[in-house]
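Protein chains in written order, with the numbering used here: chain A, 172 to 423; chain B, 7 to 252.
Hint data in this document are derived by calculation from the structure and do not stem from the laboratory. Note that CB positions come from ideal geometry on N, CA and C, so glycine has one too. Don't take every hint at face value.
Said to hold, decoys possible - If you anchor each label on the Cβ, the simulated ranges turn out as follows:
(1) A/Tyr199 with B/Gly202: 41 to 49 Å
(2) B/Ala41 with A/Tyr192: 41 to 49 Å
(3) A/Gly255 with B/Glu140: 48 to 56 Å
(4) B/Gly161 with A/Met251: 25 to 33 Å
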Amino acid sequence: MRHNIIDLVIVLTQKEMKVRYKSSFLGYFWSIANPLAFAFVFFIAFKIVMKIEMESYALFLIAGLFPWQWFSNSVNISPMVFLGNASIIKKVNFPRNIIPFTIVLQDMIHFILSIPVIVLFLFIYQKSPSLSWLYGIPLLLIIQFLITFGVSLAVSSVNLFFRDLERLTSIFTTLFFYFTPIIYPETMIPETYKPFINFNPLAPLVISWRNLFLKGTLEPFYLFISFFYSILVFVLGYQVYRKLSWRFAEIL
Amino acid sequence: MNQPVIIFDNVSKSYPLYHHITGGIKNFLFHLPKALSSIKNSRYEVLKDVSFETYKGETLGIIGKNGVGKSTTLGLIAGVLKPSKGKVVVRGRISPLLELGGGFHPELTGKENIMLNGVLLGLTRNQVKSKMDEIIEFSGLGDFIYQPIRTYSSGMYARLGFSVIAHLDPEILLIDEVLAVGDMEFQKKCLDKMTGFKKSGVTMVFVSHSMEDVEKICDRVIWIDNQSIRMTGSPKDVVLNYSNLN
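So that you can see chain A by itself, here it is in the shape it has in the complex (with noise of 0.2 Å):
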């Protein structure tokens, strides 16, 4: 129905970049100087006062935060992505999920902008990519991005109907990402905790992540979870968002 999607959404994605990166000239340094900042705090806080055992424990940290920035960027900023384009939204018609789309699209680009970073910690650890990162890097982006999107569209379109959603979103961002082994890895989690992770559709993700970047393995037991999880997740929000989107332009 319209020729142009591609056009629009590459616009749109332009227009986040730049409007990011404009106002600020060190913007690519201030997206990696985030998940950066926090590594540098954990590892503060863990590694050096409460003596954690672990090697290489700034690397193990910054493979699993800047998969789960990415994650939670999305995710945080939803709530605003309708309430920000009221205006269009009211009077043009066009699909409604290009603006959270572009929005994860761009957070995908970030993140992928920011992987030279964990190449560099993995030389100051004297160790090096693997051959295996050609497939297994595209491969989490899609389930990465397929969990991403689904939760954001759900977390876009209810907030335009509860707009105190956005409160609760980032509380629980905050909540899953301790209970999501970043910070700590799923071998230290007591065993009568551990079948819980499973229950978690971030764990084996964020778990993939970091076996990939630190032994260049992927794990087909989590892959498989996590795959499914994106699957269902994406399923779930485009649900949501299909059954509010026309109400849109009323609510707005």
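Given chain A, work out where chain B should sit, using these hints.
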């Protein structure tokens, strides 16, 4: 000239009042039974059994007091709202003229915003590129086109917005009271452009409170009052009746 391109067939539109959820999730959950019943029962009817047709090449004016459903009518034509009852048929590509600053991003330059706006309204990037010089020329913004538009005045916003829409090759143009902010010179330019559109067979729906403009460019005028069409006819008659009432 006599093929209808916009058909409203007994269209009613009512909005839920949504006051049950303006308090957010917390309020909704704490007052669940009350909230649920209010979803079902409280609706506000804007239009009731409205029927009209617009023919190809015609310029239709819509007048009426604030809040009677003029913008809702435009929303229904644009396809961003669904009728609660009845049917809306539209044949042709619709170009809505966005309200001030709608579809613009304040941090981007005028030029970048032309691209953004043009693509949002349905052009491809190449189409916008090929028309870029023409659009900038028409806007008369000069070197301001390279400045972020947060530095623009509201009149300059309107110039930019109309310049984009004027070069879209629209089939059906929806204009919702936006020209009022431009200066005399630019308003004249817009009216000229609209006269040009008329000649080339563009269908236009024009919502305005400026009776002078309505009389000048419309072929036919609909007066909406109290949820329905109070009067349809030539601009002169309808405007006269409308003005007498106020």
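To see whether the hints hold, each was checked on the structure:
1. A/Tyr199 with B/Gly202: 41 to 49 Å: holds, 47 Å
2. B/Ala41 with A/Tyr192: 41 to 49 Å: Holds - the Cβ-Cβ distance for B/Ala41 and A/Tyr192, about 43 Å, lies within 41 to 49 Å.
3. A/Gly255 with B/Glu140: 48 to 56 Å: Roughly 30 Å apart at Cβ, these two residues miss the hinted range, so it is violated.
4. B/Gly161 with A/Met251: 25 to 33 Å: For B/Gly161 and A/Met251 the Cβ distance comes to about 29 Å; the hint holds.
Hint violations for this structure: number 3 only, all remaining hints satisfied.
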